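**Student:** Dock the two chains into a complex; use the hints.
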Amino acid sequence: MTYTPRALIAEITHRCPLHCVYCSNPQEMQRRSEELSTADWISVFEQAADLGILQLHLTGGEPLSRSDLTELVRAGRGARLYLNLITSGVGLDESRLDELMAAGLDHIQLSFQDSEEGPANEFAGTRSHALKLRLAQIIRKRRIAFTVNMVVHRRNLDRLNELIEFAEQTGAQRLEIANVQYYGWALRNREALLPTRQQLDASIEIVEAARERLKGKMRIDFVFPDYYAKYPKPCMNGWGHQQLLIDPAGRALPCHAAMVIPGLEFPNTREHDLRWIWEDSPAFNRFRDESWMPEPCRSCDRRARDFGGCRCQAFLLAGDAAATDPVCTLSSKHAVIEDILQRVNGDAARQWVYRMDPS
Amino acid sequence: MSVMERNRVPRLAPGCRLNAAGGPEDLLLIPEGALRLRGPARVIVELCNGERTLADIVEELQRHYPSAQPARIETEAVALLARLRERGVLEYT
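Chains G and C, in that order, are what the protein sequence lines are.
Following our numbering, the numbering of the first sequence begins with 225 at its first residue and continues without gaps.
Following our numbering, the numbering of the second sequence begins with -10 at its first residue and continues without gaps.
Chain C extracted, bound-state conformation (with noise of 0.2 Å):
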């Protein structure tokens, strides 16, 4: 990530939200219908709260997955949150 990534703020898009936690599934309601979120998605997305960058949620992350390549959770957390964005679910504050 360089600098200025590093420093952004993703936050879920409009009319974007997780459904409630515990359920069967974790889904993404978005106004189409639902992504069905696999792994560790759920908690990535959580952590896109409008509050903490990019660095920060990656950093959450590594804690959150001690045992984990830190350098693949970065890896994959970017990864996803570049998909998500592409699909119009999540932008940057």
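Chain G on its own, in the form it takes in the complex (with noise of 0.2 Å):
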């Protein structure tokens, strides 16, 4: 079986001026001076075109904080890759925006922390909903693909239509709502910031009510919170199927949290040209198949359809990357993830801790 990778996500930067309490990416961030080149993101856009990679994600930390942003978009758009930019916002005005129009970004998303000025900067550790807002202003009025990103947890699921009425205000035409997912920083705050279950039942409905209602007009996606889930989500679509992720330092992973999975050497872009990474690297064969597969995913009928769950989330949880996904119903480390909802469903929620910025 060979597989075409589809999405490549570049985190250009760990370095962003938010500091959100359900920050995903990884506790031990790459500095500025450890970043790629220019150069080197070029050359990997264009070996990644030449892979059959079709969508460029630009992402972080804050990609803005980058000063050659535009530069990369012209060059990723110049390799024919379709050029998304996932961002806080902050760094971002009418002109800068109008500089990466010009130079072929084609989708702009957005995140907001909450509807409301307070929480929304109490989740982001920083000031940052007003310009947000003013962002949002602006986006709208010119002709670009616009996503309004909305973190969801349990200290706002309740306002949960009040979240979707804001997003539907902002005029973008996709609103993302994604339940934290806990690795990097978030796995830290878990207990602050999963929800209840009858939180989730009850946005559920909301979410289910607010597509119909907004069918033609704006797109829901809703990520789930696996912890809840019967079955493991499909991470990734399979470990090594679809997408490949660069971090600042230019090391490649399968996902952005793989880096918490020992024994396994990441090959750096700086080292390996992109074929032999996605082909024949020991890391990114690693899980691909389903010959690591233990008992139930070996013989269990999902496991073309989830592919065992997350590899990450099976380390994180169960100590073994090669263990199903605690998260599976069908798993025997199951009573891992019961034990937390019990927690989170009996107390009060906890306190969180904010993460600092790499220098």
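Calculated directly from the structure, the hints in this document are not laboratory data.
Only a predicted model underlies this, so the values are computations on that prediction, with no experimental measurement involved.
Just to be clear, a hint being listed does not mean it is correct.
Here chain G is said to cover these stretches of chain C; the calculated rule only asks that three of the stretch's residues, wherever they fall, bring their Cβ under 8 Å from a Cβ of chain G [as the list claims (entries may be wrong)]: (1) 9 to 18; (2) 58 to 69.
Among the chain C residues that face chain G by a calculated CB cut under 8 Å, a handful are [unchecked claim]: (3) A23; (4) P29; (5) E75; (6) G77.
Each residue gets a CB set at the ideal place from its N, CA and C atoms; glycine is no exception.
**Tutor:** Given below as structure tokens:
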């Protein structure tokens, strides 16, 4: 079986003016001095297009923190990639947006932490909400695809109706409502952020009703909190199946959290070409087929649908990256999840910890 | 098609565009990924340039596929554009 990568997630920097309590970036971040140069990135984009990659997601950290962003967009578009910018908006204004659009930016995904300024700034650990509101006005006036991303968790899920109405007002064509996923910094704040079952059930109904009401106006994607799922998510649609991530220092990973897995050597684009990395590197082949699977995955009917779930989560929660994702109710380690859910559904929420920016 | 429908001018929504022609597959690139275009779908989408009316597009297609039934071409083109419109990748100027 051969796999064609479709999307390149380029984490062009870990620097970020926000300090979100649910940041999914690794707990150890790359410093500015380790970042790939403009020419390094351009070479990566060209190799990516040759491999069959269609979409380039420029993310971070905050991608606008790089002063060469326009050049990177132009080069990516020149390599025939579809250009997505995933941003907090901090560092953007009208003239920079016009520059990015002229360079070929196709789509902008702007994050909001809440509909209200107080909580939004509290969750972000930064006063950024008012700026984001102004940016939404600027973006909607232009002909560019516009998605609003709203991260939801225990502290704002009860106001989901308001959050959706707020997203409508921004003029976005698409709303991504993303429950926090527990990797990186977010894992440290898990018990402050995981919603209760009651909150989750109510939110599912709200999303369904909103989808019906907003048909043809705004599409809604909903990222489920997988701790509450019966079966695991098909993480990255399979390890090394469709997506490739490059971190700020040039390391290639099958997903953004994979650095936590011990014993894997992630190849660097400074030393290897992307084709070798994708096709031949041991790291990308480690969990690619089904040969690594233990029971109950190995004989499970769902194994080609969910690929045994997330390898990083298996390591983080079961201590073994080659175990069934403990989220799965068939996993022998599922009690780990049940314990957490019991605590979250029984106790008051805990306090969270803010993260600091890498220098 | 009603007269009103015939005069509508479709174009791709912002952030939606065709991949380069002549590759191994015909794709419509969109913010969430790509839609695979089968059969004559690429030709139909290419005609939606924000200048042609629906009637112009159907006429062009009928010229392009002279051996197909004209009524069938119209039905299929209109149905495809309606699906794309519902999916949010096509709009009317």
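**Student:** Does each hint hold? Answer for all of them.
**Tutor:** Quick rundown of the hints versus the structure:
1. Under the rule that three or more residues need a Cβ within less than 8 Å of chain G, the assignment of the stretch 9 to 18 of chain C holds, with 3 such residues.
2. For the stretch 58 to 69 of chain C, the proposed coverage by chain G is not satisfied: 0 residues have a C-beta within less than 8 Å of a C-beta in that chain, short of the threshold of three.
3. Residue-level restraint check for C/A23 holds (minimum Cβ-Cβ distance to chain G is 5 Å; threshold 8 Å).
4. The interface hint given for C/P29 is broken, as the beta carbon of that residue sits about 22 Å from the closest beta carbon of chain G, more than 8 Å.
5. For the restraint placing C/E75 at the interface with chain G, the shortest Cβ-Cβ distance is roughly 7 Å, inside the 8 Å limit, so the hint holds.
6. The criterion of a C-beta within 8 Å of any C-beta in chain G is met by C/G77, whose closest approach is roughly 6 Å, and the hint holds.
Of the numbered hints given earlier, the model fails hints 2, 4; all others are met.
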